[in-house]
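Participant: Order-wise, the sequence lines are chains A and B. Per my numbering, residue 1 is the first one in the first sequence, and the count goes up by one each step. Per my numbering, residue 1 is the first one in the second sequence, and the count goes up by one each step.
Derived from the structure by calculation, the hints contain no laboratory data. Every clue listed holds true.
Just some of the chain B residues that point at chain A, by a computed CB distance under 7 Å:
1. Gln48
2. Tyr52
3. Gln60
4. Gly62
5. Arg75
6. Ala77
7. Lys78
By construction, the Cβ of each residue, glycine as well, lies at the ideal position given by its N, Cα and C atoms.
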Amino acid sequence: MFDSLKTLASRVRGWFEIRQLDQEFEQELFAHLEMLKEELIRRGMPPDEAARMARMRLGGFTQLKETNRELRGLPMLETFLQDIRFSLRMLRKNPGFTAIAVLTLAFGIGANSAIFTAVDALALRALPYSSPDQLLALGARDAHHPESAEWTSAPALFDLEDRTQSFSELAGISPVWNDVVTGSANAERLETLYVSAQLFPLLGVQAEIGRTFRPEEDNRTKGSNVVLLSYGYWQRQFGGNSSALGQTLNVSGRAFTIIGILPRDFLYLGEPLAGTPSHIDLWMPLATNQLVTRGRPVRFLKVVGRMKSGVSAAQARDEIVRLGAVLAKEYPASDAALEYGVTPLSTQISGRLRPMMLLLLCAVGFVLLMACANVANLLLTMAGARGKELAVRTALGASRSRLLQQLLTESALLSGLGGAAGVVVAFAALRGLISLAPAALLQGRTVSLDTRALIFTSLAVLLSALLSGLPPALRILRADVGIGLRETGRGFSGGHHRFRSALVVTQMSLALALLVGAGLFIRGFMKLLDVNPGFDANHVATFSTQLPPTISTVAQAIALDRQILERTSQLPGVREVGAVSRLPLLGTNLSSTLWIEGRSYAPQEYPGVEYRAASAGYFPTMGIPLISGRLFDDQDDANARNVALINEAAARQYWTGQDPVGQHIKLGPNPEKQDWLTIIGVVGNVRHFGLDTQPSPEAYRPMSINALLSPIIVARTDGAPSALLPSFAAAMRSLDSSMPVYNNFSMETLVDRSVAQRRFLMTLLAGFACAALFLAAIGIYGTISQSVAQRTREMGLRMALGAQPRDVLRMILTQGMKLAVAGILIGGVSAAALTRLVRSLLFQVSPFDIGVFTIAAITLCAVALFACLAPAVRATRVDPLVALRHE
Amino acid sequence: MAADKSEILQGTLDLMVLKTLEAMGPLHGYGIARRIEQISEDALQINQGTIYASLVRLMQKGWISGAWGTSENNRKAKFYSITKSGRKQLHTEAENWERIASVIGRVLRIAERG
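Just need the whole structure built from these sequences, with the hints factored in.
Facilitator: Below, the structure written as C-alpha cells:
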C-alpha cells in the first residue's frame with residue numbers, strides 16, 4: 001500500500017515537472033545511444049552501421065519516451081487536459097451549435113436546480129430545530145368526525161405531561177390568536193400565539209436577547225404576563241433597541257412585560273401555523289390564555305413533544321394511545337370519543353406537500369431529459385461533420401476508448417458550461433417561483449441557492465453529460481472506418497437515422513406525458529373555479545374587528561355590533577351589510593354539539609354542527625339563498641327570540657325526509673342551561689373550508705342572542721370592493737379608537753387565495769409543458785432537416801424521374817409524422833400509467849380523462865407538423881441537377 | 001516480439017536491475033543493460049531501452065536513486081544506485097525465488113522418479 005502511495009506521490013511530482021523530465025530523459029537516451037555506438041565501433045563496426053545498429057538495439061525513441069512519460073506522470077490527467085483543449089477549440093469553431101447546446105442545457109439544468117431548491121427548502125430539508133427526528137406531534141381526533149383536525153384540551157395536556165415516560169418535554173400551542181396592542185399610534189392588531197414554556201427548550205431555540213419563559217411563568221392555569229417579541233416586530237416597533245426589554249405592552253387590555261426577543265430566523269413551522277401565511281409577532285405563556293381554564297370539552301391545543309433518547313416513535317405512539325384510552329375512561333363525558341395518535345413533526349409540516357413536490361420534480365426532470373436528447377442530437381450532427389477526422393484518427397491507431405474519452409469530454413464540457421449558465425437561470429427562476437408561490441406555501445421561509453442546490457446542480461451536470469454524450473458517442477464509434485475515409489463519407493457524416501429517430505420518439509413521448517399532466521391539472525382547476533362556493537363573491541368586501549375591552553355586558557356588545565353595522569352601511573357605495581362570527585374561506589371555525597328535541601343518542605354519537613352567529617343582513621349580503629322557511633328579521637332581534645337557522649347539509653343529514661322548520665334544537669356543551677331554539681328556516685350550503693371541500697352541517701344563531709365580540713363584517717358594494725377597503729378602518733376608529741380593522745379583503749381575494757396552491761401547481765406544469773413542446777419541436781425539426789440534407793441526392797433523383805413537389809412534401813411530412821405518432825402512442829401509454837399516481841392531487845378529474853389525452857395528442861401532432869414543414873418545403877426546392885451532382 | 005518479451009520479463013527485469021546495481025555499484029543505463037546482457041550470456045536479447053521502464057518503476061518505489069554524473073569518457077550520464085530499502089527488497093525477492101526454485105526442483109525430481 002505504501003508503495004502505491006509513494007508511486008502516486010512521485011507521479012504527481014512528475015506531472016508538475018513534465019518538460020524538464022522529458023528533456024532529461026532525452027539526454028539520457030542520447031547518452032546511452034552514444035555509448036552503444038562507441039562500443040560497436042570499438043568492436044570493429046563501421047560508424048554508419050554502428051549508428052544504425054545502436055538505434056535498433058536501443059529501441060524506438062518515440063516509444064521509449066512515451067513509455068517513460070506514461071510511467072512517470074499522470075497520463076489520465078494529461079489526456080484529459082488535451083481533450084479539453086481540443087474540445088474548446090471545436091466549440092469555438094462552431095459558435096452557433098455551442099450556443100444552442102449550452103442554452104438548452106442551461107435551461108434544463110437551471111429549471112431543475114430551481115425546483116429542487118424549492119422542494120428541498122419546503123419539504124425535504126430537516127427542520128431547523130435540535131434533533132428534529134425526535135420531535136413528534138400529538139393530538140386527539142374525534143372518532144365521529146375522523147376528517148376533522150386533531151386538537152387537545154389543556155387538562156389533557158397536563159395529564160399527559162404528568163404521566164408520560166417516553167417524552168422528555170411536551171408543549172401545547174394555542175390557535176393563532178388575534179390580539180390588539182394599544183398605547184402607541186393606532187391600535188395594531190397582531191397575530192399572537194400562546195405556548196407552553198417548554199416549547200422553546202424543546203425546539204432548542206434560545207432568545208436572541210433576554211430569555212424565554214421560565215417554568216413558573218407558565219404554571220398550568222397560573223401564568224405571568226410576560227411576552228416574547230418576534231425579531232421583525234422588535235425591529236418595527238422598537239427599532240431594534242435592546243431597551244425594549246422590561247417595557248410593557250398593552251395586549252388586549254392586559255399589561256405584558258417584554259422579557260426577550262426571538263432570533264431573526266426563528267419560525268415555528270408546525271401546526272397551527274403550517275400551511276398558513278400567518279406570522280406570529282407576540283408569544284405569551286399558555287397559562288395566560290383564557291381557554292386554558294375552560295376544561296376538557298374545549299380542545300384548542302396543538303401538542304408537540306420531544307422523545308427521550310432511546311425511545312422509538314412506535315413506543316411513544318403506543319404509550320400515548322394507552323394514556324389516551326385511560327383518559328377516555330376517567331372522563332367519559334368529554335373524552336370518550338377521542339382517539340390519540342402521533343405523527344413525526346416533519347410529516348405534519350410537509351407531508352401534505354410531498355405528492356405535489358414529487359410531481360414537480362418528475363415534470364422538471366422530464367424537461368431535462370428532453371434537453372439532453374436535443375443536445376445528443378446536436379452532438380451527433382457535429383460529430384457527423386467531423387466524420388473524416390475521426391476516421392483518420394481511428395486508422396492511425398487511436399483506440400475506441402480514447403475516442404470515446406474525447407467525445408465524452410466534449411459533452412462534459414458542454415454540460416459544464418450549461419451548468420454554469422444554469423446557475424444563473426436557477427437564480428432567476430427561483431426568484432420567479434418565490435414571487436408566484438402562495439404565501440401559505442412558503443410560510444415565511446427563505447428559499448435560496450445554497451450548497452445543497454449546488455451539489456444537486458453538479459449532479460445534474462454529470463447526468464446531462466452522460467445522457468447527452470454517451471449514446472451519440474457510442475453510436476459514432478460503431479460506424480465503419482472505411483466508409484468514413486471515402487469521399488462520400490456517408491457512414492460518419494450525419495447519418496445514424498435510426499438513432500435520431502429513437503431520440504425524437506423519446507422526446508415526443510416525454511412531451512406528451514407532460515402535456516397530459518398539465519392538461520389534467522388545468523382541467524381540474526377549471527372545474528374548481530366552477531364550483532359554487534354557496535355565496536356570491538362578487539362585489540363583497542369584508543373586514544374583521546374586535547370590540548374594545550371596555551365592553552363588559554352582552555347588551556353593550558350587541559349595541560356596539562349594531563352601531564358597527566350602521567356605520568358601515570353609511571359608507572358611500574355600500575348597499576347592504578351583515579355580520580358573522582366565522583367567515584367562509586377565512587380559515588377559522590367553531591364546532592358545537594347539536595341536541596335535537598325528541599331524539600336521544602348514545603354518548604359516542606352526538607351529532608355536531610359548525611356553529612355561527614350572524615346578523616339578519618348577513619345572508620342577503622353574501623347572497624346565500626334561502627331554501628325554506630324564513631331568515632332572521634328585525635322582530636327576532638327586537639324580541640330576542642330563540643330562533644336558529646340551519647343549512648341544507650344539516651337538514652339533509654339530521655332531518656332526512658322531514659321538514660326541519662319548526663323543530664327544536666340546542667347548541668353547545670351545556671344544554672341543561674339553555675332554552676330550546678326553534679328552527680325558522682333552511683339556508684343554502686357554503687363551502688366554508690375551501691372550494692374543494694364538501695359543505696358541512698351548519699347552524700346559525702342571530703346576533704341579538706349571541707353577541708359578536710370579534711365581528712366579521714361583510715358589505716355588498718356598488719363598485720369594486722377594493723376601492724372601499726381603506727375606508728373601513730377610519731369608520732371603525734370613529735366609533736372607538738381602539739377598534740382595529742384587519743383581514744380586510746374583497747371576497748374575491750379570499751376565493752383566489754383558497755385556490756392559490758392549486759393554481760401555482762397548474763401554472764408550473766403548464767410552463768413545463770410549453771417548454772417540452774418547444775424542445776420537442778426543435779428536436780423533430782433538427783432530425784428531419786438532417787434527414788433531408790442526407791437524402792438530397794435521392795430527392796433529386798426522384799424529381800428527375802418525375803416526382804412532383806407535393807409528392808416529396810408528402811414523403812417528408814409522413815416521415816416526420818410517423819415519428820411523432822409513435823412518440824404520442826408510447827407517451828400516451830406511459831402517461832396513463834403515471835397519472836394514476838397523482839390521483840390524489842386532481843380535483844374531480846379522472847387520471848384517464850379522454851378529452852385531455854386527445855387534446856394533448858392533437859396539440860403535439862400539430863406542433864410536430866409545423867416543425868416538419870420548413871425542412872419539407874426545403875426538400876421540394878431541391879434542383880434535381882444540382883442534387884445529382886451533389887457529392 | 002520485443003514487446004512481448006518485456007512484458008514477461010517486467011518483474012524479473014526489475015529484479016535483475018536491482019541485483020546488478022547491488023553487485024556493481026552505481027551504473028548508468030547503458031552500463032546496466034550491457035551487464036545484464038553479459039551475465040545472461042546474451043540469451044536475453046532485449047531492446048536495451050526497456051530497462052528505462054524498470055528504472056522508472058524502481059525509482060518510484062524508492063529502491064534506487066538517480067543522480068547526474070560524468071561517465072568514463074567524460075560524457076554526462078545519469079547514474080543509478082541501490083538504496084537501503086532496495087537492498088532489503090532484493091534480499092526478500094531473492095529468498096522468494098530460492099524458495100520457489102527449490103520447491104519446483106523437488107516436484108520435478110519426484111516427477112522424474114515417478
